[in-house]
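In order, the protein sequences belong to chains A and B.
Take the first sequence: its letter number 90 is residue 90 in our numbering, and every next letter is one higher.
Here our numbering runs 1000 ahead of the position in the second sequence, where the first position is 1.
These are computed hints drawn from the structure, not numbers from a lab.
Here the structure is a predicted model, which is why all the values come from computation and not from measurement.
We put the beta carbon where it would ideally sit given N, CA and C, even for glycine.
There could be a bad hint or two in this list.
Said to hold, decoys possible - Covered by chain B, according to a simulated footprint, are these stretches of chain A (three or more residues, beta-carbon under 8 Å): (1) 19 to 25; (2) 43 to 50.
Said to hold, decoys possible - Keeping only pairs whose Cα atoms sit at most 27 Å apart, straight-line, the calculated DSS-like set for lysine-lysine is: (3) B:Lys1057 / B:Lys1068; (4) B:Lys1022 / B:Lys1068; (5) B:Lys1042 / A:Lys7; (6) A:Lys7 / B:Lys1037; (7) B:Lys1037 / B:Lys1071; (8) B:Lys1058 / B:Lys1042.
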Amino acid sequence: SAVISQKPSRDICQRGTSLTIQCQVDSQVTMMFWYRQQPGQSLTLIATANQGSEATYESGFVIDKFPISRPNLTFSTLTVSNMSPEDSSIYLCSVLGQGAYGYTFGSGTRLTVV
Amino acid sequence: GENVEQHPSTLSVQEGDSAVIKCTYSDSASNYFPWYKQELGKRPQLIIDIRSNVGEKKDQRIAVTLNKTAKHFSLHITETQPEDSAVYFCAASMNDYKLSFGAGTTVTVRA
Chain A
1 SAVISQKPSR
11 DICQRGTSLT
21 IQCQVDSQVT
31 MMFWYRQQPG
41 QSLTLIATAN
51 QGSEATYESG
61 FVIDKFPISR
71 PNLTFSTLTV
81 SNMSPEDSSI
91 YLCSVLGQGA
101 YGYTFGSGTR
111 LTVV
Chain B
1001 GENVEQHPST
1011 LSVQEGDSAV
1021 IKCTYSDSAS
1031 NYFPWYKQEL
1041 GKRPQLIIDI
1051 RSNVGEKKDQ
1061 RIAVTLNKTA
1071 KHFSLHITET
1081 QPEDSAVYFC
1091 AASMNDYKLS
1101 FGAGTTVTVR
1111 A
């Protein structure tokens, strides 16, 4: 299965600032996704990162708040903009690799907004 | 969109006993059903998955069953061990697109 490097692993940020999270995959993948997991909760899909075009956002998530880039088939970034304490969460990228290996997750970014 | 419900939310079993977690889905077009295990502070790890053309799949102590008519699927863990303690998530997707996750089940295996 694909190997994902996600960074930073954690950060503490001031409210009103922005943080960009990077997701690097060791092979080309067809699909890349960004999820949010609040403490003790399930995973909620933020958006599908589309290579060469605008991301597809889920209900409740907007591009101005969570801009996403995907310049190629192995890399994507998620920015959490104008952060508030409610944005404190774990953010995970996920990829669908080729073959029958299913969806793989990055190690996550634990974000705390103070 | 797809709605996945998962039960129970918590499950405590004696070591050596079996554990069963059940999920239902709403979209009959869903055709891929993975199960993830997430240990504290770790990423979700795929432990088993099943596609809609198969009714059951087994991998050592873990098995998944799928009932397409009733739109539900279940995870079975036999001979549970302390290292099976974790949060388990079911999910569903259609045509290898986005996953919709259940709320999760916290499994505790008592020694």
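Status of each hint after checking the structure:
1. Given as covered by chain B, the stretch 19 to 25 of chain A fails the check, having 0 residues with a CB less than 8 Å from a CB of that chain where 3 are the minimum.
2. Coverage of the stretch 43 to 50 of chain A by chain B holds in this model, with 4 residues showing a Cβ closer than 8 Å to a Cβ of that chain against a need of three.
3. Between Lys1057 of chain B and Lys1068 of chain B the alpha-carbon distance is near 14 Å, which keeps this suggested pair within the 27 Å criterion.
4. Between the alpha carbons of Lys1022 of chain B and Lys1068 of chain B the distance comes to roughly 13 Å, so the proposed pair stays at or under 27 Å and holds.
5. Pair hint Lys1042 of chain B plus Lys7 of chain A holds up; C-alpha atoms about 14 Å apart against a cutoff of 27 Å.
6. Of the pairs offered as hints, the one joining Lys7 of chain A and Lys1037 of chain B holds, with about 22 Å between alpha carbons and a cut-off of 27 Å not exceeded.
7. A threshold of 27 Å between alpha carbons decides the hint, and for Lys1037 of chain B with Lys1071 of chain B the separation of about 22 Å falls inside it, so the pair holds.
8. Our distance criterion of 27 Å between C-alpha atoms is met by Lys1058 of chain B and Lys1042 of chain B, whose separation comes to about 24 Å.
When held up to the earlier numbered hints, the structure conflicts with hint 1 and nothing else.
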